[in-house]
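S.K.: From first to last, the protein sequence lines are chains A and B.
Going by our numbering, the first residue of the first sequence is number 1111, and it counts up by one from there.
Going by our numbering, the first residue of the second sequence is number 1111, and it counts up by one from there.
No lab work stands behind these hints, which were simulated from the structure alone.
Here the structure is a predicted model, which is why all the values come from computation and not from measurement.
Some clues are possibly wrong.
Said to hold, decoys possible - Derived contacts from chain B toward chain A, CB cut-off under 10 Å, selection only: (1) A1196; (2) V1302; (3) R1324; (4) P1325; (5) S1327; (6) L1330; (7) S1332; (8) S1347; (9) L1364; (10) A1386; (11) Y1408.
Said to hold, decoys possible - Chain B is nowhere near these chain A residues, computed Cβ spacing over 10 Å in every case: (12) E1123; (13) A1143; (14) K1145; (15) D1161; (16) R1181; (17) R1220; (18) G1231; (19) L1266; (20) E1271; (21) T1273; (22) E1275; (23) L1330; (24) T1342; (25) M1363; (26) A1394.
Beta carbons: idealized from backbone N, C-alpha and C, even for Gly.
2 protein chains.
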Amino acid sequence: MKREAEVTGARFERAAIIGVGLIGGSFALALKAAKACGQVVGVGRGRANLDAAVALGAIDVAESDVAQAARGADLVLVATPVAQFARVFQALAPVLSPAALVIDAGSTKRDVIATARANLGARIAQFVPAHPIAGAEHSGVAAAKADLFRGKRVVLAPLPENTAESVVRATAAWRACGARVAQMAPEEHDAVFAAVSHLPHLLAFALVHELAQRPNSAQLFSYAAGGFRDFTRIASSHPEMWRDICVANRDEMLVELARYGAQLESIRALLAAGDAAGLEDVFARARAARNRWLDGEYDF
Amino acid sequence: MKREAEVTGARFERAAIIGVGLIGGSFALALKAAKACGQVVGVGRGRANLDAAVALGAIDVAESDVAQAARGADLVLVATPVAQFARVFQALAPVLSPAALVIDAGSTKRDVIATARANLGARIAQFVPAHPIAGAEHSGVAAAKADLFRGKRVVLAPLPENTAESVVRATAAWRACGARVAQMAPEEHDAVFAAVSHLPHLLAFALVHELAQRPNSAQLFSYAAGGFRDFTRIASSHPEMWRDICVANRDEMLVELARYGAQLESIRALLAAGDAAGLEDVFARARAARNRWLDGEYDF
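Next comes chain A alone, as it looks inside the complex:
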């Protein structure tokens, strides 16, 4: 395990995890498993949650104050809901050591970067934005696990102000968790994830909400089966987190909704016309594309 930390180059003496939930807790467990860090200090909203994090071995010390936790840390992960980032960055700015690396785990990047610029002040060059493509519909540290990021993508969206060394250190931290690290511009990141993540969440929430409002919703749900369960799994995601993502990535999501609406309209027209061959063609193309994806044709 020592060897892995050396290979990846990640070694931190004191990590501060701001927001010890599924992501923050898993990150801490992964760093510890890789022997890539010494002490871990965790900040969270609830005492019970922090006690659970200590019991799980994710954090060594529970702290209620962001500034207190970050003082002396050489790595700070901001993993609270994005709506709290401004307050967290404000607390960090005056206490960050010049050698400290700050990373985040927000699902959107343009808004997080704007918030960091507005609140980190002279420390902005120390912040290397990141989005780990991992998670689950379950939240909270109880769902955390050391291998949550293993084999998963982490997208870094570096700032022009970042030094090469800070990007290398951020890459090493995520690699120590087992992640495959890529880089994208923030705009590109937000557009890509609006299409492959944010839109599907909206579509799943919409379906369940629509059915739940009907007078015969109990009957409908009673006949829903495995296909429905998987299609709507992401509709069990955290409402507050998805509210924040929608607000942050509104423009790209509106673009995606419009594209999807046009696609749905063209399928509706095929259906209304009873165009069996046209429908089969759409379904066959979709299945073929998905199967290529499952076969790893788009991996890199």
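Take the given structure of chain A and dock chain B to it, following the hints.
M.R.: Chain B alone, transformed into the frame defined by chain A:
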């Protein structure tokens, strides 16, 4: 195992499986496991598939001719694609024994019943329509398993012509497979499944097809993760089967698409207005409804 067959009352001497794929093969394996039938004769399109069915123990005898298979059978399961039902019923009508029970496994019921009426002639009273709520995105007898229907719903949509005894026998056959059997009117069946099954399939096909057509589709797919995988699992379903379902249940699916479109438009309006509280409310209601469903609140 003998005891189970006695409890459920299902006992057939010779079963003919017309269409030995996932559903037909699993039904045959389940009946055999329950010792609820003697010989099983299977009819299928491909010799290789039928040989595989014999090797798996799903069928005892492979037959290429529907009439030949059905002659002397006291149970006939029609499990071909629905588009072939007319031809199958035509072949069955002249050779069915007066004591034979005919059941099907079609995902839609109004069209199947109309097809049966048009082609089974005087034998219509022997046909008890059914829809087993089980399946997978995989097809073919290789995916068949004896417990596919265990604990799953089967909806019977009996005809006015059915005798009480024939409905009891059909119920017993599906119960022997481990299924929970319910009854619905054909119109109600088609409306319910348009909402909880057919619409989600259309939505998943539409998303994958839309993304696959873009110039940057390779990049988009390369960042798709677990949420996308589950949301789109049903887009790997069989194009021919879903073409037939769309054509058969077109009117109900158009109704469902319109309802969903209205829901999506109301969410789009919240998004465009930046109504964070409104979005969170929709997401929270959807999550709560789905979680009640997962908790079994709508089971019966």
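S.K.: Over 10 Å to the closest beta carbon of chain B is the bar; see if T1273/A clears it.
M.R.: holds, 26 Å
S.K.: A cut-off of 10 Å on Cβ-Cβ distance, and A1143/A was said to be off the interface with chain B. Does that hold?
M.R.: Nearest chain B Cβ is 21 Å from A1143/A, so the label holds.
S.K.: Does E1123/A really sit off the interface, with its C-beta more than 10 Å from all C-beta atoms of chain B?
M.R.: holds, 32 Å
S.K.: The hint names L1364/B as touching chain A; please verify it with the least Cβ-Cβ distance against 10 Å.
M.R.: This hint holds: L1364/B lies near chain A, its Cβ roughly 6 Å from the closest one there, short of 10 Å.
S.K.: Far enough from chain B: is every CB of that chain over 10 Å from the CB of R1181/A?
M.R.: holds, 33 Å
S.K.: Holds or violated: is the Cβ of G1231/A farther than 10 Å from all Cβ atoms of chain B?
M.R.: Holds, because the least Cβ-Cβ distance between G1231/A and chain B comes to about 27 Å, which exceeds 10 Å.
S.K.: Looking at L1330/A again, its CB stays over 10 Å from all of chain B?
M.R.: violated, 5 Å
S.K.: Against chain B, does L1266/A hold up as non-interface, every C-beta pair farther apart than 10 Å?
M.R.: holds, 13 Å
S.K.: Take a quick look at D1161/A and tell me if its Cβ sits farther than 10 Å from every Cβ on chain B, holds or violated.
M.R.: holds, 25 Å
S.K.: T1342/A: least C-beta distance to chain B exceeds 10 Å?
M.R.: Violated: least Cβ distance 6 Å, not greater than 10 Å.
S.K.: Please verify that hint: P1325/B, Cβ, nearest Cβ of chain A, below 10 Å or not.
M.R.: Violated: closest Cβ of chain A sits about 13 Å from P1325/B, beyond 10 Å.
S.K.: Holds or violated: is the Cβ of S1332/B closer than 10 Å to a Cβ in chain A?
M.R.: With a minimum Cβ separation of about 4 Å from chain A (threshold 10 Å), the hint on S1332/B holds.
Against the hints set out earlier in the document, violations occur for numbers 1, 4, 23, 24, 25, 26.
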